[in-house]
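This is what each chain is made of:
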Amino acid sequence: MGIIIPIGVAVFLAFFIANILGYGGGPASIPLMYDQIVTRYGWLDNTEFSQMLALGNSLPGPIATKIAAYVGYDVYGWPGFIAALAGTIIPSAVALIYLLKILRKYKQSPIVKGMSLLVQPVIAIMMLLLTWNMAADAVGSIGYIHSVFIAGLAFLALGKFKIHPAFVIILAFAYGGFIIPLT
Amino acid sequence: MKNPYTELTIGMMRTGILGFGGGPSVIPLIRHEAVSRYHWLDDDEFGDTLAIANTLPGPIATKMAAYLGYKLKGWPGAIVSVAAHVLPSCIAMVFLIAFINVLSNSAMISNMIAAVMPVVAVMLGQMAYEFGEKAVKGLGKVLGITFFAISFLLLQVISLHPGIVIMMFLLYGAFHYKLKDRLKNKKTDRKEESA
Numbered sequence: 001m002g003i004i005i006p007i008g009v010a011v012f013l014a015f016f017i018a019n020i021l022g023y024g025g026g027p028a029s030i031p032l033m034y035d036q037i038v039t040r041y042g043w044l045d046n047t048e049f050s051q052m053l054a055l056g057n058s059l060p061g062p063i064a065t066k067i068a069a070y071v072g073y074d075v076y077g078w079p080g081f082i083a084a085l086a087g088t089i090i091p092s093a094v095a096l097i098y099l100l101k102i103l104r105k106y107k108q109s110p111i112v113k114g115m116s117l118l119v120q121p122v123i124a125i126m127m128l129l130l131t132w133n134m135a136a137d138a139v140g141s142i143g144y145i146h147s148v149f150i151a152g153l154a155f156l157a158l159g160k161f162k163i164h165p166a167f168v169i170i171l172a173f174a175y176g177g178f179i180i181p182l183t
Numbered sequence: 184m185k186n187p188y189t190e191l192t193i194g195m196m197r198t199g200i201l202g203f204g205g206g207p208s209v210i211p212l213i214r215h216e217a218v219s220r221y222h223w224l225d226d227d228e229f230g231d232t233l234a235i236a237n238t239l240p241g242p243i244a245t246k247m248a249a250y251l252g253y254k255l256k257g258w259p260g261a262i263v264s265v266a267a268h269v270l271p272s273c274i275a276m277v278f279l280i281a282f283i284n285v286l287s288n289s290a291m292i293s294n295m296i297a298a299v300m301p302v303v304a305v306m307l308g309q310m311a312y313e314f315g316e317k318a319v320k321g322l323g324k325v326l327g328i329t330f331f332a333i334s335f336l337l338l339q340v341i342s343l344h345p346g347i348v349i350m351m352f353l354l355y356g357a358f359h360y361k362l363k364d365r366l367k368n369k370k371t372d373r374k375e376e377s378a
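Protein sequence lines, in the order shown, are assigned to chains U and R.
Here the first sequence is numbered in our numbering, starting from 1 and rising by one per residue.
Here the second sequence is numbered in our numbering, starting from 184 and rising by one per residue.
Keep in mind that the hints were calculated from the coordinates and are not lab data.
Treat each hint with caution, since some may be false.
Here are the computed distance ranges between Cβ atoms for each label pair [stated by the list, open to error]: (1) U:Ser-50 <-> R:Gly-257: 52 to 60 Å; (2) R:Ala-290 <-> U:Tyr-98: 43 to 51 Å; (3) U:Tyr-98 <-> R:Gly-321: 23 to 31 Å; (4) U:Ala-136 <-> R:Thr-329: 24 to 32 Å; (5) U:Tyr-98 <-> R:Ala-332: 27 to 35 Å; (6) R:Lys-363 <-> U:Leu-182: 52 to 60 Å; (7) U:Lys-160 <-> R:Gly-321: 25 to 33 Å; (8) U:Phe-178 <-> R:Lys-363: 53 to 61 Å; (9) U:Ala-136 <-> R:Val-325: 44 to 52 Å; (10) R:Lys-367 <-> U:Tyr-98: 33 to 41 Å; (11) U:Leu-21 <-> R:Glu-316: 34 to 42 Å; (12) U:Gly-140 <-> R:Asn-186: 25 to 33 Å; (13) R:Ala-281 <-> U:Pro-110: 54 to 62 Å; (14) U:Lys-105 <-> R:Ile-328: 27 to 35 Å.
Counterexamples of contact, computed for chain U against chain R with all Cβ distances above 12 Å [stated by the list, open to error]: (15) Ile-5; (16) Gly-8; (17) Thr-39.
C-beta atoms are modelled at their ideal positions from N, C-alpha and C, and glycine is treated no differently.
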């Protein structure tokens, strides 16, 4: 293309496009980000991209923002970091805020009430399928015995004793780091 | 600790740091902070927000974080909430790239992350149960189970995207009470006729 766009704008646009077309949360945007980062702009090569993805997967937090932060910083320092994150987060966040604002305004109308009621069975099934996938992943990586043991304890801790999930997750970390290697 | 900014920062930072396994795994954590711990909104509102968030493109967790912050404190709240949620891991990403080989090849770290998965599964399962319970309470047993079956069919058997399935249900939901009223009126009409 004949037009030269400033690099900060290019960073913003690349992540804006990848995320606005990524329907279904962060993981769905990964191939689109690959397309922008590797194919279109050549900011990273194939190996660098997969290394970065590996690092991203071993850190907590949303994956799309981790990729944006890393690439933005790599290309254009802290301004790039901010431009990439802005492109990733702002458009969909603003859309959600305005959409919900409209819905909340008509909270009492039977139309909106019907909508919030009907969404519950879908969310329930969606969560059930996610539960199933997560459980299958757990069994696939640490086996049945560890998975069932951790899940049982987590169920008691969260459901019965109402322990904050943060503590339960930290305990699970410790179990994974120190007990699983012994077996 | 009544300052909403402090609550937002602590709550959203905790969900950002402990949310392993991508977007969906962090939803129960956000729900815990927003509904059970700090009462920023009730469970119904959380469910609506999650549903609408799924119909829009872009990362789920950051959209939820932005909305929660906005609800509490307007735009500054949205910025604080999103920043608290994403910055710790984003900054870690920039500085840890030097240790990439150590981190992504370490068996200890992959075991630690894998050990969190059953916990996340339990949390997702609890959410599924609670939303299912609410659906049955609101819709009645017959309709509730019918809609579970339809959702399962669309999501799992046909593999439609969740955002699209939610949109279909939202569309029907908009007419649900109208249809229900019409059915009720017909029944009462018939009763009046026979009487």
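query: Going through the earlier hints one by one, which of them does the structure break, listed in rising order?
result: Of the numbered hints, 1, 9 and 12 do not hold.
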